[in-house]
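*Asks:* The lines below spell out each chain.
2 protein chains.
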Amino acid sequence: MKRTAYRPVSFVDVKIEDRFWSNKIRLNRERTIPAIYKQCKDTGRIDAFRLNYKPGDPVPHVFWDSDVAKWIEAASYALANHYDENLDRLIDQTIDLVVSAQQPDGYLNTYFTVVEPEKRWTDLRDAHELYCAGHMMEAAVAHYQVTGKRKLLDAMCRYADHIATVFGPNPGQKPGYCGHPEIELALIRLYRATQEPKYLELSRFFVDERGKSPNYFDVEREVRGGADSYFDAYFREPGRTYTHEYNQSHAPVREQTRVTGHAVRAMYLYSAMVDLALETRDESLLTACKELWRHLTETRMYVTAGIGSSHLNEGFTEDYDLPNETAYCETCAAVGFVFWNHRLLHADLDGQFSDIIERALYNSVISGVSEDGKKFFYDNPLASKGNHHRREWFDVSCCPANLSRLLSTIGEYLYSAGDDELIVHQYIQSSTEIQTAGGSVRVRQITDYPWDGKVTVQVTPERPADLTVKLRLPGWCKQAELKVNGQSVSVQAAKGYVALRRQWAPGDEIQWIFDMPVERVYAHPSVKENRGRVAIQRGPVIYCLEEADNGKDLDGLYLLKDAELTVVSDGQPDGIPAIYGTAVRFSVEDRQLYSYGEKKTETLRIRMIPYFYWDNRVPGEMLVWIRERS
Amino acid sequence: MKRTAYRPVSFVDVKIEDRFWSNKIRLNRERTIPAIYKQCKDTGRIDAFRLNYKPGDPVPHVFWDSDVAKWIEAASYALANHYDENLDRLIDQTIDLVVSAQQPDGYLNTYFTVVEPEKRWTDLRDAHELYCAGHMMEAAVAHYQVTGKRKLLDAMCRYADHIATVFGPNPGQKPGYCGHPEIELALIRLYRATQEPKYLELSRFFVDERGKSPNYFDVEREVRGGADSYFDAYFREPGRTYTHEYNQSHAPVREQTRVTGHAVRAMYLYSAMVDLALETRDESLLTACKELWRHLTETRMYVTAGIGSSHLNEGFTEDYDLPNETAYCETCAAVGFVFWNHRLLHADLDGQFSDIIERALYNSVISGVSEDGKKFFYDNPLASKGNHHRREWFDVSCCPANLSRLLSTIGEYLYSAGDDELIVHQYIQSSTEIQTAGGSVRVRQITDYPWDGKVTVQVTPERPADLTVKLRLPGWCKQAELKVNGQSVSVQAAKGYVALRRQWAPGDEIQWIFDMPVERVYAHPSVKENRGRVAIQRGPVIYCLEEADNGKDLDGLYLLKDAELTVVSDGQPDGIPAIYGTAVRFSVEDRQLYSYGEKKTETLRIRMIPYFYWDNRVPGEMLVWIRERS
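Protein sequences, first through last, are from chains P and V.
So for the first sequence, our numbering puts the first residue at 19; every next one is plus one.
So for the second sequence, our numbering puts the first residue at 19; every next one is plus one.
Treat each hint with caution, since some may be false.
Note that the list lumps identical chains together, so a pair holds whenever it fits in one copy or between two copies.
Below, computed lysine-lysine pairings styled on DSBU-like, alpha-carbon distance capped at 35 angstroms [unchecked claim]:
| no. | residue 1 | residue 2 |
| --- | --- | --- |
| 1 | K308 | K618 |
| 2 | K570 | K308 |
| 3 | K617 | K513 |
| 4 | K546 | K393 |
| 5 | K617 | K570 |
| 6 | K33 | K472 |
| 7 | K192 | K216 |
| 8 | K72 | K169 |
| 9 | K546 | K403 |
| 10 | K20 | K33 |
| 11 | K308 | K617 |
| 12 | K579 | K403 |
| 13 | K618 | K472 |
| 14 | K216 | K169 |
| 15 | K618 | K496 |
| 16 | K496 | K617 |
| 17 | K513 | K472 |
| 18 | K501 | K20 |
| 19 | K546 | K617 |
| 20 | K618 | K513 |
| 21 | K472 | K617 |
In short, the hints are calculated from the structure, not lab data.
Using the sequences and the hints, build the whole thing.
*Replies:* Okay, here's the thing in structure tokens:
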């Protein structure tokens, strides 16, 4: 397996000046990050690191540490985008507190230090110990990369060193791994930041060990004398059953071909698998991931790129089982799906991965936060009877911080660069400067994407330079025009990218005009829930009906097959265009329950808004998959 | 309120010689009645009357007695249709055993005599004591009317006398009533058989007391010191909650305007209300029933005339909540619905009641038994993924015997007669002789209904007589031709009946030709489950798709809106015609999960069979409400 020659351009080096994203990034910094800190503080998550828990106090949750870790990570990223002395100090104080909780042996976990210290490492399946460690390692790397400060990084290296003594193939070591994958990808980040091969090795050990027979989670239960795991009571609830598919430990990872279980766990594991494939040139891991990706995107993904069909396992169910109203589509899973696709894209430049990133960003990810940046969806269903609303916080509150760290780093997903190539993946108004063999090149995008299909990319090398500029042709686009300095260029994409090799000089300008009509999207006929229904998409954005515009009983509306769908900027905030169409609704005046003819219909104009924008006005029903008839 | 002048012609006086029904009646006699007896014997229900239960033995169920009672009732009716000495003797033996269990004070209930004698009458809500008494009273009346033997009748009069001392408005009496209505209508039958006004009074007391405040079931719980009712554990299961709506005791019966709760209980209560209205000239009870009937038929009835949307309460849920696959539609409820409509029809000659009787008989009732008469549906859903099948017996086995007693008495639903009128409600090949003021009149129907719309009614008075013959014009029929002795008569129906007043003479013949095309039936738009779907009906018979004919995934078939639907006698047993049409199915070859166009379709011929006939061949899927598209 060859290593690809291009790497992501860091978000630190990308300046976003986009009508769509800049405001979201600002709100994330100004509102979401302070709100998450306040919640972590108010709920005791931060003060848990003081280790002054006494029996009788409210018991900290086993995964509280991870919420603080993700806040540190997100806040560090925010600092990189926009320096803020107070935030810098608050992060330092929080890190001081976190590190003060580290034990002499390097161990660092509030719950298992103060509540049940005798149970350290006895319930890897459910207790999230390595998961919390992983998130704190990611926080440490982020803080170090943004600020250069090593305090948390050093502490987490000590913790990783400790973990490497506990886990491993040698006598006296545990051949275990975490029920919730996360540490695997975190250890690779720690390895990349420190170049310490032990961390890469440990990550590989966790990934390789997963799913071996006998299953470690069965073994540890026997060691516990059969005592319950932390969440056995949860799995005994009606409709739930624990199986090893839940945490992807039912088979060795290279033998897994079908996505199963808890969706966030799956995304984190698969992300680590691609990282390891890249770092260790182990193609078998990449092959497995591509098989899993195909299975997921062909049978188990919502049109919003949301994933996870059931709240019962927070994850995958059966092929084509994609219920709309009860869809889980956890915000964290969408974020994890972006992570995984971004890694896949850097193992294989294929537009299908960037298409998914884009589909997720504009739909299932960004729906997770309200327009004011203060409220969050944990689950993102595709239909609602009016009782699903964003909330300020959740008991299990992984999603707000996960979304926040993605929003702070949205710049990471736009560009990649190699020695003599520049790749543009996502069209967002922004600028960056990359270093190539031929010198530095300034790149600037000017666009009102995703509302307008026109994108200008200015390529400004410090001096004329031979360079391949690769530009993604979005998968949703059926017709596009491409110009270089005003001259049309034929659009010949290979795996979703058009390559322009030439000598570039200051003043050079590329222009895309993506044809962006309103499209009717149909689901595979095996998706029972969407039979006779259509979804409306324009560019990468999925639209929906909301009660605020169309009244109650949205499911009783039938979009006419031949109805023209028009894009109208009708004064919605942030310049978000609405889409109008013509539908019919059957009259309910005639009370006869069964009749030989259909009831009378009334024709009405319906208004659709982007899915991500729903639940920002008066509460009410929402529907993505609209009934359609002639 | 005036009493109507016509009464049902007893099934004893109606000879059925019908291609559709005769075989079912025969199978009921030859197979179903012996099978029910065997089950009652094998499960200990019959021997429970020996009262030799000892602690540690399997505990009899509180409503076992009612199964034996319904067998005695059904078997007695069968005897009337076709005398069988062995059956006569078996009924007598069973009655001897039942009566031997009667206590000196007249009390007769196996469970509360041997298992928990101290709990007599302490849990009217759940313990089915009066319900069991009611069924045994019905059995007693049936046996007496068919055989003239008084043993069970006398015993049940003693029991009714005893009950009349326990319940009533006087000091020392309980102001209670049964959680499962049944005794109310049974007491009226006992009154009609014996002319003892006390029984009518007691029935009226039970009906009038129901739903008064404070609710009796709350009162009896207090008397028990808060101890659980028999089925409190059942009501604590997920999704279930007990409310007084469950047994229609949430309001005085005259104030009830919406059908609620357990469907069989509702039907038995409403039937008693109509009986009481007729016997006591209390129009307020009839008014309430008509309001309830309208609510049920306009918002909560399946197209098969099945009722009860949920297994959780075995009953009604919300208006227009008519899920197909999880429909309850208990066979007993369909039977009870026939009882109620038959009573309403004799309070008010209105074709809408006979239409419901017909719709129930040809669909939700007769689907309850297999073609070989040996297996039964308890619930009759309108769609199945292939896992719903008739069974030989159930732990709670009300349905087989309930269906059996209806099949034995199907003749009861065909004709009514008054002093100078004869009414034909249902078109079934049969003959009867009625007594009118002008002498006896022989009536004979010749027809292949419901497969053919031609019906000949021969009216043969012993001598020429003035007589009004009323003939029902079925509600499903949009066009009909009517002839008397070959001369066309204008079809002018009042409330669903055409009245022909004239002097009738031997040799007179009426002929109906009902236009009987295949109809597409649409549900009210508020029935969410049936949006975009159509049901196929011909005459009174609802058709369905079965996997045996159309392969798997019936829900993926779309009947074309303009497809011709043709009736074909293609060799199905019993001459049951099939209906053929043209449908499309989307190709699943293209694996893409979301696409901008619909997938290719293949056109195929589909075959539909009567709903009642399903699950008589190889097990598989079934669907009544078929998707439809242009």
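*Asks:* So, for every hint listed, does it hold in this structure?
*Replies:* Structure-based check of all given hints:
In this assembly of identical chains, the alpha carbons of K308 and K618 lie at most 35 angstroms apart only when taken from different copies (28 angstroms versus 50 angstroms within one copy). Taking the closest pair of Cα atoms, K570 and K308 come within 35 angstroms of each other only across two copies (31 angstroms); inside a single copy the shortest separation is 43 angstroms, beyond that limit. In this assembly of identical chains, the alpha carbons of K617 and K513 lie at most 35 angstroms apart only when taken from different copies (23 angstroms versus 49 angstroms within one copy). When the C-alpha separation of K546 and K393 is checked against a cutoff of 35 angstroms, the pair qualifies both within a copy, at 32 angstroms, and between copies, at 32 angstroms.
Taking identical chains as interchangeable, the C-alpha atoms of K617 and K570 lie at most 35 angstroms apart whether they share a chain (19 angstroms) or sit on different chains (31 angstroms). Taking the closest pair of Cα atoms, K33 and K472 come within 35 angstroms of each other only inside a single copy of the chain (20 angstroms); across copies the shortest separation is 83 angstroms, beyond that limit. Taking the closest pair of Cα atoms, K192 and K216 come within 35 angstroms of each other only inside a single copy of the chain (16 angstroms); across copies the shortest separation is 82 angstroms, beyond that limit. Taking identical chains as interchangeable, the C-alpha atoms of K72 and K169 lie at most 35 angstroms apart only when both belong to the same chain, with a minimum of 28 angstroms there against 78 angstroms between chains.
With identical chains, the CA atoms of K546 and K403 are at most 35 angstroms apart both within one copy (19 angstroms) and between copies (13 angstroms). For the homomeric pair K20 and K33, the shortest alpha-carbon distance inside one copy (31 angstroms) is at most 35 angstroms, but the shortest distance between copies (89 angstroms) is not. Within a single copy, K308 and K617 get their C-alpha atoms only as close as 50 angstroms, which misses the 35 angstroms cut-off; across copies the closest is 25 angstroms, which meets it. For a Cα distance limit of 35 angstroms, the shortest separation of K579 from K403 qualifies both inside one copy, at 25 angstroms, and across copies, at 30 angstroms.
Taking the shortest Cα distances, K618 and K472 sit within 35 angstroms of each other only across copies (33 angstroms), while inside one copy they are farther apart (44 angstroms). Taking CA atoms no more than 35 angstroms apart as the test, K216 paired with K169 passes inside one copy only; the shortest distance there is 20 angstroms, against 93 angstroms between copies. Taking the closest pair of Cα atoms, K618 and K496 come within 35 angstroms of each other only across two copies (19 angstroms); inside a single copy the shortest separation is 38 angstroms, beyond that limit. Taking the shortest alpha-carbon separations for K496 and K617, only the inter-copy value of 17 angstroms comes in at or below 35 angstroms, while the best intra-copy value is 39 angstroms.
Taking CA atoms no more than 35 angstroms apart as the test, K513 paired with K472 passes inside one copy only; the shortest distance there is 21 angstroms, against 69 angstroms between copies. Taking identical chains as interchangeable, the C-alpha atoms of K501 and K20 lie at most 35 angstroms apart only when both belong to the same chain, with a minimum of 33 angstroms there against 91 angstroms between chains. For the identical chains of this complex, K546 and K617 are neighbours both inside a copy (25 angstroms) and across copies (14 angstroms), given an alpha-carbon limit of 35 angstroms. In this assembly of identical chains, the alpha carbons of K618 and K513 lie at most 35 angstroms apart only when taken from different copies (26 angstroms versus 49 angstroms within one copy).
In this assembly of identical chains, K472 and K617 lie within 35 angstroms of each other by CA distance solely across copies; the values are 31 angstroms between and 45 angstroms within a copy.
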